[in-house]
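Colleague: Sequence:
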Amino acid sequence: MTKEEIFSKIKEILVKDFEVDEAACTPTANLVDDLDLDSIDFVDMIVKMKEYIPERINPDVFKNVRTLQDVVDKLEPYVNKAASAQ
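In this note's numbering, the protein residues as written are 1 to 86.
What the hints contain is simulated information worked out from the structure, not anything from laboratory work. Hints are all accurate, no fakes.
Quick list of in silico lysine-lysine cross-link-like pairs, DSS-like style, CA-CA up to 30 angstroms: (1) LYS63 with LYS16; (2) LYS81 with LYS50; (3) LYS3 with LYS81; (4) LYS3 with LYS16; (5) LYS74 with LYS9; (6) LYS48 with LYS9; (7) LYS48 with LYS11; (8) LYS50 with LYS74; (9) LYS3 with LYS63; (10) LYS11 with LYS63; (11) LYS48 with LYS63; (12) LYS81 with LYS9; (13) LYS3 with LYS74; (14) LYS63 with LYS50; (15) LYS48 with LYS74; (16) LYS48 with LYS3; (17) LYS16 with LYS74; (18) LYS50 with LYS16; (19) LYS16 with LYS81; (20) LYS11 with LYS74; (21) LYS11 with LYS50; (22) LYS16 with LYS48; (23) LYS50 with LYS9.
Since the model is a prediction, treat every value here as computed from it, not as a measurement.
Hey, can you work out the whole structure from these sequences and the hints?
Modeller: Below, the structure written as structure tokens:
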């Protein structure tokens with residue numbers, strides 16, 4: 001899955017499940033300041049991506065995540081590792 005596809009899935013989740021404005025979902029959008037997500041929302045978003053990431057991810061991976069692009073960059077190796085294992 002490309003980074004663009006991962007971004008698209010995350011954006012879809014944010015719009016559908018968290019009622020985030022689609023126009024606000026840009027790669028540089030700050031999760032807290034721009035999208036109004038708190039830590040619980042962030043965990044829920046990652047759980048909803050679980051379909052694409054069957055292995056457990058160490059929460060420390062997300063310590064420095066601030067933007068949607070940061071999330072995509074952190075998830076990409078896990079998503080593609082899962083895809084190559086199938």
